[in-house]
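Asker: Produce the entire structure from the sequences given, and follow the hints as far as they go.
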Amino acid sequence: MAKAKYRPEFIVQRDDEKCIRCQVCVRMCSNDVHTYYPETDTVISESSRCVGCHFCEDLCPTGAITICRSEPQIKENYHWSGTEVYNIIKQADSGGVLLTGMGCDRPYKDYFGHMVLNASQVTNPSIDPLREPMELKTFIGGKPEVVVIKKSSEPELATQIPPQLELETPIMFSAMSYGSISLNACKSLAKAACDFGTCWNTGEGGLHRDLLPYAHRAIVQVASGRFGVNKEYLDAGCAIEIKIGQGAKPGIGGHLPGEKVPEEVSRTRMIPEGTDALSPAPHHDIYSIEDLKQLIFALKEATRYEKPVGVKIAAVHNVAPIASGIVRAGADFVVIDGIRGGTGAAPTVIRNNVGIPIELAIAVVDRRLREEGIRNRASIIAAGGFRSSADVVKAIALGADAVYIGTAALIALGCHLCQKCYTGKCNWGIATQDPYLTKRLNPEIGARRAYNLLRAWSLEIKEMLGGMGINAIESLRGNREQLRGVGLNEVELELLGIKHAGEAW
Amino acid sequence: MDGTPDRDFRVPSGCGITGIMNRRGRAFSGEVILSSICNMLERGNGLGSGFAAYGIYPELKDYWCFHIMYQKAPSKDHAEEYLKDRFRVVHHEPIPTKRVRSLEPVPVLWRYFLEAEDGGPDEEDFVIRSVMEINREVDGAFVFSSGKNMGIFKGVGDPDAIGEFYRIPEYRAYIWTAHNRFPTNSPGWWGGAHPFGILDWSVVHNGEISSYGTNRRYLENFGYYCTLSTDTEVMAYLFDLLVRRHGLDFETVGNVLASPFWSQIERVEDEGRRRLLKALRIAYGPALVNGPFAVIVANSKYMVGLNDRIKLRPLVAASKDDFLYIASEEAAIRVVCEDPDDIWMPKAGEPTVGKLEDEDG
Numbered sequence: 001m002a003k004a005k006y007r008p009e010f011i012v013q014r015d016d017e018k019c020i021r022c023q024v025c026v027r028m029c030s031n032d033v034h035t036y037y038p039e040t041d042t043v044i045s046e047s048s049r050c051v052g053c054h055f056c057e058d059l060c061p062t063g064a065i066t067i068c069r070s071e072p073q074i075k076e077n078y079h080w081s082g083t084e085v086y087n088i089i090k091q092a093d094s095g096g097v098l099l100t101g102m103g104c105d106r107p108y109k110d111y112f113g114h115m116v117l118n119a120s121q122v123t124n125p126s127i128d129p130l131r132e133p134m135e136l137k138t139f140i141g142g143k144p145e146v147v148v149i150k151k152s153s154e155p156e157l158a159t160q161i162p163p164q165l166e167l168e169t170p171i172m173f174s175a176m177s178y179g180s181i182s183l184n185a186c187k188s189l190a191k192a193a194c195d196f197g198t199c200w201n202t203g204e205g206g207l208h209r210d211l212l213p214y215a216h217r218a219i220v221q222v223a224s225g226r227f228g229v230n231k232e233y234l235d236a237g238c239a240i241e242i243k244i245g246q247g248a249k250p251g252i253g254g255h256l257p258g259e260k261v262p263e264e265v266s267r268t269r270m271i272p273e274g275t276d277a278l279s280p281a282p283h284h285d286i287y288s289i290e291d292l293k294q295l296i297f298a299l300k301e302a303t304r305y306e307k308p309v310g311v312k313i314a315a316v317h318n319v320a321p322i323a324s325g326i327v328r329a330g331a332d333f334v335v336i337d338g339i340r341g342g343t344g345a346a347p348t349v350i351r352n353n354v355g356i357p358i359e360l361a362i363a364v365v366d367r368r369l370r371e372e373g374i375r376n377r378a379s380i381i382a383a384g385g386f387r388s389s390a391d392v393v394k395a396i397a398l399g400a401d402a403v404y405i406g407t408a409a410l411i412a413l414g415c416h417l418c419q420k421c422y423t424g425k426c427n428w429g430i431a432t433q434d435p436y437l438t439k440r441l442n443p444e445i446g447a448r449r450a451y452n453l454l455r456a457w458s459l460e461i462k463e464m465l466g467g468m469g470i471n472a473i474e475s476l477r478g479n480r481e482q483l484r485g486v487g488l489n490e491v492e493l494e495l496l497g498i499k500h501a502g503e504a505w
Numbered sequence: 506m507d508g509t510p511d512r513d514f515r516v517p518s519g520c521g522i523t524g525i526m527n528r529r530g531r532a533f534s535g536e537v538i539l540s541s542i543c544n545m546l547e548r549g550n551g552l553g554s555g556f557a558a559y560g561i562y563p564e565l566k567d568y569w570c571f572h573i574m575y576q577k578a579p580s581k582d583h584a585e586e587y588l589k590d591r592f593r594v595v596h597h598e599p600i601p602t603k604r605v606r607s608l609e610p611v612p613v614l615w616r617y618f619l620e621a622e623d624g625g626p627d628e629e630d631f632v633i634r635s636v637m638e639i640n641r642e643v644d645g646a647f648v649f650s651s652g653k654n655m656g657i658f659k660g661v662g663d664p665d666a667i668g669e670f671y672r673i674p675e676y677r678a679y680i681w682t683a684h685n686r687f688p689t690n691s692p693g694w695w696g697g698a699h700p701f702g703i704l705d706w707s708v709v710h711n712g713e714i715s716s717y718g719t720n721r722r723y724l725e726n727f728g729y730y731c732t733l734s735t736d737t738e739v740m741a742y743l744f745d746l747l748v749r750r751h752g753l754d755f756e757t758v759g760n761v762l763a764s765p766f767w768s769q770i771e772r773v774e775d776e777g778r779r780r781l782l783k784a785l786r787i788a789y790g791p792a793l794v795n796g797p798f799a800v801i802v803a804n805s806k807y808m809v810g811l812n813d814r815i816k817l818r819p820l821v822a823a824s825k826d827d828f829l830y831i832a833s834e835e836a837a838i839r840v841v842c843e844d845p846d847d848i849w850m851p852k853a854g855e856p857t858v859g860k861l862e863d864e865d866g
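Protein chains in written order, with this note's numbering: chain A, 1 to 505; chain B, 506 to 866.
Keep in mind the hints are simulated off the structure, nothing from the lab.
Don't take every hint at face value.
[To be verified] Pairs of lysine-lysine residues, derived as DSSO-like cross-links and limited to a Cα-Cα distance of at most 30 angstroms, are as follows:
| hint | chain 1 | residue 1 | chain 2 | residue 2 |
| --- | --- | --- | --- | --- |
| 1 | B | K852 | A | K151 |
| 2 | A | K151 | B | K581 |
| 3 | B | K783 | A | K151 |
| 4 | A | K109 | A | K499 |
| 5 | A | K5 | A | K90 |
| 6 | A | K150 | B | K852 |
| 7 | B | K852 | A | K300 |
[To be verified] Residues of chain A placed beyond 12 angstroms of chain B at every Cβ, according to the derived structure:
| hint | residue |
| --- | --- |
| 8 | C19 |
| 9 | K75 |
| 10 | Y78 |
| 11 | A92 |
| 12 | T123 |
| 13 | V147 |
| 14 | E263 |
| 15 | A329 |
| 16 | L488 |
Even for Gly, the Cβ is constructed at its ideal location relative to N, Cα and C.
Answerer: So this is what it looks like as structure tokens:
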């Protein structure tokens with residue numbers, strides 16, 4: 001039978017008058033889109049190979065290249081989109097699971113986009129962050145309910161404050177392992193986090209020796225594959241995160257293909273070179289909440305109760321009771337990763353269909369922990385698709401203590417969201433281990449860009465806080481009075497715990 | 506509740522506040538506080554004022570005194586039924602008032618002297634629960650004062666009218682606070698006026714709390730439910746929580762409600778104190794009251810003035826012999842104390858504390 005060709009997702013347009021045949025596109029594209037023919041002195045581009053990362057477009061010195069989206073021109077059909085049709089064709093060819101990278105791109109309701117913020121007028125002065133102190137300092141960890149003060153000659157603190165992460169801004173970099181991203185990408189984020197006074201996260205990739213100088217700001221992850229976990233690793237980080245699940249692929253494990261396990265990754269993960277790194281779907285020592293408690297306390301014992309130990313889960317239907325159980329199991333922080341959370345590789349069908357939006361998850365978890373009187377025992381860290389400082393502010397007003405950003409941080413390093421991380425061919429040098437590609441990402445420049453992003457968002461958060469007449473981030477936390485819904489129905493408003501725009505206090 | 510919009514919605518207001526304390530516990534006439542608050546009529550708009558007085562029921566000082574306002578007749582029966590179930594009613598009577606035409610219509614006002622026979626080991630928590638239950642459950646009834654040997658008197662009107670109505674000059678107290686309100690809409694409900702009280706706490710407050718949502722939800726963790734949706738209520742519960750239940754002193758409470766900035770904490774030289782201030786901010790972050798406020802809080806032993814952390818509302822203090830004065834404006838002090846020994850502007854976040862002297866002997 002005749003076989004359908006894959007229609008290109010992008011068309012590479014080359015302005016031949018502008019092209020100077022420098023061949024930078026030819027040399028740079030890891031997908032071999034461009035080929036130079038010396039006989040005719042022409043550059044031909046094979047659009048079907050283009051993933052839409054825009055690297056050549058950005059590099060072309062004369063601006064000769066334009067990458068355009070190309071919709072497969074099948075007969076218009078509301079139910080059967082081109083993507084759906086071609087996915088079936090691919091699967092009929094391969095018999096396999098479709099893979100993708102980054103977060104869910106389906107048009108589920110964007111709740112952040114349906115919430116607006118408040119500002120002071122007349123009855124309450126707004127505060128100018130350029131003139132007045134404006135505090136974003138954030139502590140992650142369990143908080144005592146009462147502070148007891150001994151009365152001697154001088155009042156003295158008698159309450160032991162549990163270990164805390166001290167952050168200069170409520171934004172951290174989320175878990176991205178060395179393996180899923182390059183060492184240069186890890187270094188960029190690690191350095192930016194240290195320079196700014198926040199945290200980065202090792203993911204399940206272990207801690208490469210080159211990252212040790214940044215370990216004092218590293219949240220080290222313990223995931224189901226236990227890659228790279230040993231005593232030194234646990235001791236090196238400032239906090240430990242047990243990864244149960246991830247927003248991009250709730251309920252399933254991880255798979256780093258052998259091609260992405262060269263010598264350095266193999267050493268860091270402590271697995272043989274070239275073997276697939278498989279993280280099981282569950283932790284095989286955690287089949288229930290009591291098992292989780294044992295792991296939490298095993299890790300606390302191993303690190304002498306000197307650092308916070310938290311648990312990361314994907315936002316799923318039962319997220320509130322699960323989070324409550326996690327807090328009761330002794331976690332110092334709970335990370336909730338929403339449906340928009342990114343990944344280096346996930347089955348497309350899982351990424352696009354499993355999990356719930358982070359906004360709703362934050363709201364119900366925060367409420368549940370308060371109702372049970374245990375909100376102070378653990379911090380809530382929200383993750384999954386934060387696009388701007390406004391998303392961060394709204395998440396905190398709903399009840400999060402801090403947020404993790406992953407995708408936004410990678411965009412700062414060059415990522416154009418082509419969603420092909422799983423191929424290991426990232427032209428921007430981020431999601432790849434190919435030395436020819438990784439050297440494109442200069443960690444010094446990457447760190448500066450990631451730092452700039454933290455700085456810019458922090459400044460914007462200060463502006464928004466000042467407008468509300470608030471000068472410390474803790475007064476925004478869970479302050480849902482500062483939020484109003486626009487175009488949300490009653491159930492949504494009730495779940496988010498906010499009023500509709502137009503309603504006064 | 507019908508026809509009481511400000512009970513269901515939060516009403517921001519600007520205000521004038523004043524408080525006078527005799528630190529030796531010598532009672533003085535309500536005439537004084539009335540002059541003081543009436544010298545700040547500018548700060549209100551006739552839509553709420555009130556007084557708190559300490560030491561006014563010396564013969565019945567061992568009994569909880571509830572001041573209750575009723576909006577409809579059946580409310581009184583329901584509330585009294587509830588009271589009789591939980592307390593021994595020692596004495597009850599209408600709150601003495603004088604007819605003031607500008608204030609009409611007025612709610613039914615009654616006071617009850619109660620003994621909490623089955624209050625259990627923590628009688629004060631029992632009383633708080635009872636007050637909250639009446640205010641939440643009994644339609645049309647509102648307990649606006651619930652301390653011992655003290656009382657709150659308030660309503661919708663200018664302070665001179667409210668003072669005349671409640672016959673304030675006839676009472677003698679050793680602490681008086683008063684409030685004059687400028688709400689941003691037109692409340693008709695007397696319960697929305699200040700002072701706000703719970704147990705023997707009374708709060709007069711000038712400010713709008715930007716952290717209201719955070720504070721309110723924090724208080725719910727400890728069983729305080731804000732039924733009134735007023736900022737002042739939040740303030741009163743925070744004081745009750747921190748002072749009575751957590752045992753913090755007023756200086757520490759100042760460091761919680763109007764905490765020093767991190768940059769200030771870093772400059773504190775003494776390491777122990779630095780650790781203490783840091784611990785307070787970590788643990789009590791949700792109790793930080795953000796936004797402008799000036800507040801005078803009193804209980805039977807203390808009168809305390811406090812400003813927000815960047816002093817966005819005025820507050821002046823003065824002392825003369827045994828008297829401590831705290832007010833929004835110097836004019837409110839000078840009118841009753843022409844020549845104070847000392848007069849000063851309390852710094853942002855630093856409490857001005859008046860303590861009853863005979864307390865520690």
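Asker: Are the hints correct? Go through all of them and say.
Answerer: To see whether the hints hold, each was checked on the structure:
1. B:K852 / A:K151: 25 angstroms, holds
2. A:K151 / B:K581: 47 angstroms, violated
3. B:K783 / A:K151: The hint holds at about 18 angstroms.
4. A:K109 / A:K499: Judged against 30 angstroms, a Cα distance of about 18 angstroms means the pair holds.
5. A:K5 / A:K90: 10 angstroms, holds
6. A:K150 / B:K852: With a Cα-Cα distance of about 26 angstroms, the restraint between K150 of chain A and K852 of chain B holds, given a limit of 30 angstroms.
7. B:K852 / A:K300: Status violated; Cα separation ~44 angstroms.
8. C19: Given a closest Cβ separation of 56 angstroms, the condition holds.
9. K75: Holds, since 52 angstroms exceeds 12 angstroms.
10. Y78: Per Cβ check, Y78 of chain A is outside 12 angstroms of chain B; nearest 42 angstroms; holds.
11. A92: 54 angstroms, holds
12. T123: 4 angstroms, violated
13. V147: 5 angstroms, violated
14. E263: Nearest chain B Cβ is 44 angstroms from E263 of chain A, so the label holds.
15. A329: 20 angstroms, holds
16. L488: Correct as stated: the minimum Cβ-Cβ distance to chain B is 18 angstroms, above 12 angstroms.
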